[in-house]
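Asks: Residue numbers (the numbering used here), protein chains in the order written: chain P, 57 to 399; chain F, 10 to 367.
A few of these clues could be false.
As the list claims (entries may be wrong) - When the alpha-carbon atoms are kept at most 25 angstroms apart in a straight line, the in silico DMTMM-like pairs for lysine to aspartate or glutamate are as follows: (1) F:K153 - F:D329; (2) F:K268 - P:D90; (3) P:K329 - P:D170; (4) F:K132 - F:E193; (5) F:K268 - F:E193; (6) F:K98 - P:D237.
What the hints assert, rightly or not - Here are a few chain P residues that sit away from chain F, every Cβ distance over 10 angstroms (derived from the structure): (7) V77; (8) W80; (9) V133; (10) E150; (11) L162; (12) Q165; (13) D257; (14) W308; (15) A372.
Derived from the structure by calculation, the hints contain no laboratory data. Ideal Cβ positions, reconstructed from N, Cα and C, are used throughout, including at glycine.
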Amino acid sequence: MAHETPVHSDDLSLGDRLNAVAAWPVRVLFGLLDTPFRALQRLLGIGRMPYIFLLPNLAFFGIFVIVPLIINFAFSVTGGDELFLSERPYVGGEQYSYLADCGSYLDPQSCREDRFWRGIYNTVVFVFFQVAFMVLFSLVTALILNREIRGRGFFRAAFFFPVLLSPVVVALIWKWILLRDGVLNAGLTSIGLDRILFFVDPTWSMFWAIFVSIWAHMGFYTLILLAGLQAIPPDLYEAAEMDGTRRERVFWRITLPLLWPNLLVVVVLALIKAVQIFDEVFVLTGGGPGTATQFIVQYIYTTGFANQVQNFGLAAAASVVLGVVLFVLTLVQLAASRRKEDG
Amino acid sequence: MADTQTVSGRGIGGMLTARRGGASWHWTDIFTYVYLTLGVCLMFGPVLWLALSSFKTPAGLQEFPPTLLPLGQIEIQVDGYEKPLPLYKVTMEDGSVRELAQVRRIGIIAQMVDPADPETSIKVPIASREPIREFRVAWENYTKPLERFNFLNYLNNSVIVTVVATIVTLLINSMAAFGLAIYEFKGRNAVMLFVIGTLMIPITIILVPAYLVVTQLNMVNTLWAVILPGAATPTGVFLLRQYMLTLPRDLIEAARMDKASEWAIYWRIVLPLSLPAIAVLAIFSVMWRWNDFLWPLVVLNRSEVYTLQIGLNAFQGELDVQWHYVLAMTVVTLIPVALVFAFLQRFITTGIASTGMK
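Sequences and hints are given; from them, build the entire structure.
Replies: Here's what the structure looks like:
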C-alpha cells in the first residue's frame, strides 16, 4: 500500500510551511504551560511528576466511567422515577426480581417485563448467527486476501472500508436498498418474484439486521486474521510444498492450528461487540416489526430514556446484568489473548 | 508493513497457486476470483447506489423499478394548474402517440391534459402511457438542506465535537502515556492494570449513571456532554504508552542533564518522537467522534445541539421521510470518512493490526 510518489522540492517547502503553521498554536500552548509545570516540579520534586501527568486522564476517567460504574448499582437498588439518587427510595433487589419475574423462562410472553426477555432472546439469536457467520466470512476473506492475487491492496480496502462508516450511514445505505420500492425488490420483481416487505416480516428483519452488521464489521476481523496469517512462517509452507502435501491438508494441519489463537481472539471480540448491538439495527428497523429486532441495549435505552415514563432503576438493573455478561466475556478474552501470546 | 506482507505473501501465495507443469486449476483458484468479484460488488454496490440515488429528483426516486442514472420525469407548467404536471408519452386508441400531462390517476385510469389545450381532459388507461424522462442531476438535494433545515448547524456541531474532542483526547492521553512509559513510580502497575481492565467498559453499561453525572455537571444539551466523557480513552493511553516504551532512554537522561524540565521533556522530546502513534490515535479519535451515536442520542435532546448522526437519524425517522434529502445528507456525512480512508488507510490498518482495537 506504500504510495511512492516522487517528492518535489516545491511540495516539501509547502508541506513544511503548513506544518509550521499547524505546529504554531501547539508550540504556544505547550510553551505557556511550561512555567506552571516547572513550578510544580520544583514544589513536588521529579518523583511526583508522573502523578501530575496522569491526573487529567484519571480525573476524566474517574468522573465519567468509574463513578458511574459504582452508582449504577445504587440506581438498580432504588425505585421511583427521579434521576437524583437522594430522591430515590431504596427498594433492595426489587428491580432485579421484577426483571426476573417470569412464568417460564423459555417464553418471554409469560414474563412481567416481557420486553426485557424479548430483548435477551433476540440478542441470543442475533449473537449466535452474527458471530458464526462473521467469523466464517472473515476467515474465508482473510485466506483469500492472503493469496498472491493481483490488486490485493484494492481488494483489502474494499472489504475494510465499511468499518469506518457510521452506524447511521450503514443503516441508511441498506434501508434505501430494502425499502418496499427499493432496488432489491425491483430485482425480485424483474425475475418474476413477488415483492417482499422486509421490515414487516420478523424473520426477514432479523436476517437483515444480522447481514448488515456483518457487512459493516467484517473488515475489522478480516484484518486481524490477515495479520495472523502473515505471521505464519513461510518456510512451513515451503516444506509442505517440498513434500507435495495436498492443499486441504496444509490448511487443516498448518494454517488452522497456527491461526487458532487469533481465531479465538476474533470470536471473543465479535461476541463482546455483538452482545452490545444497537446502533445500526436501531436505525435500520427501529427494533421492529413489533419487538422482533429489539435487543438488550435498546431495551436499556428505551426504558431509561425514550419511554414516556423513564424508569432509570430498571434500565440500571438491566445494564448491571449486561455488565456481568460482558465482564465474563472480557475475562475469556484476556485468557484467549494470553494463550495467543504464549503460543 | 507493505513490504513484509509482499514477502510473506509470496511464500504462502506462491505455494497455494503453484501449478506443477501446467497442472489444472485448483478449485480454490476459481473460488478466489468468484468470491472477490462478488465481494467487491457487495461492498461497493450499496454505497454507489446511495450516491447515485442522491442525485435524483423526488419524482425520479419514486420510480419503480428504479433507473440507474438520475433520470427525472419532465414536469411542465400547465395553465390552470398550480403545480407542475408530469409529462407522459401516451399511445392513443387510434395508434397515434401524443405527449400529455397527467392531472391525476384514479385506479387504472389516468386523467391527462394536452399542455397546448388545458381545457379538455383526456382519460387514458395507465398501461398506455410512459413517462418522458430527461437526464437531470438534482443538485438541490444538496443545496436545499443547507438553507432549509438545521443541517449546517448539525454539520457545525459535528465538526466542533470531533475537533475539540480529538485535541482533548490527544493531550490528556499522551500525558498519561508519558507518565506511565517514562517513570518508575509507586502504583504504576496498579494504574496500568486499571487501564487495561477498563479497556472493555463500554458506554452501554453505564448509560443511566453517566447521564446522571452529566446532568449534575449541567452539561445536558451542550456539546461538552458529548466531548468530555469519552476523552480519557484507555485504548489511546495503551497505544501511546506502548509506542513511548520503544523510545531510547538516553535521550531523556541527556535532556535531564541539560536541566530540561519534565514538561519540556514531554512536549519537546517525547511528543515529537511519538508522532506516528499520535497520528494513529488522532485518526481513531476522529472516526469515533464523527460516527458516535448512542451517547449523543441520550444527552442531546434539542435540535440546535444535534450532531450530524443524530440529525440524520431524526430526519429519517420522520413520518413522511424526504428521501431525496436524507440520501444527500448521508453522502455528506460519509465524505469525511471516505477522505480519511483514501489517504490514511495504511495508518488505520496498521493501528488495528497492532493493537487489535478500533
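Asks: Under the constraints set out in the numbered hints, which ones does this structure not fulfil?
Replies: 4, 15
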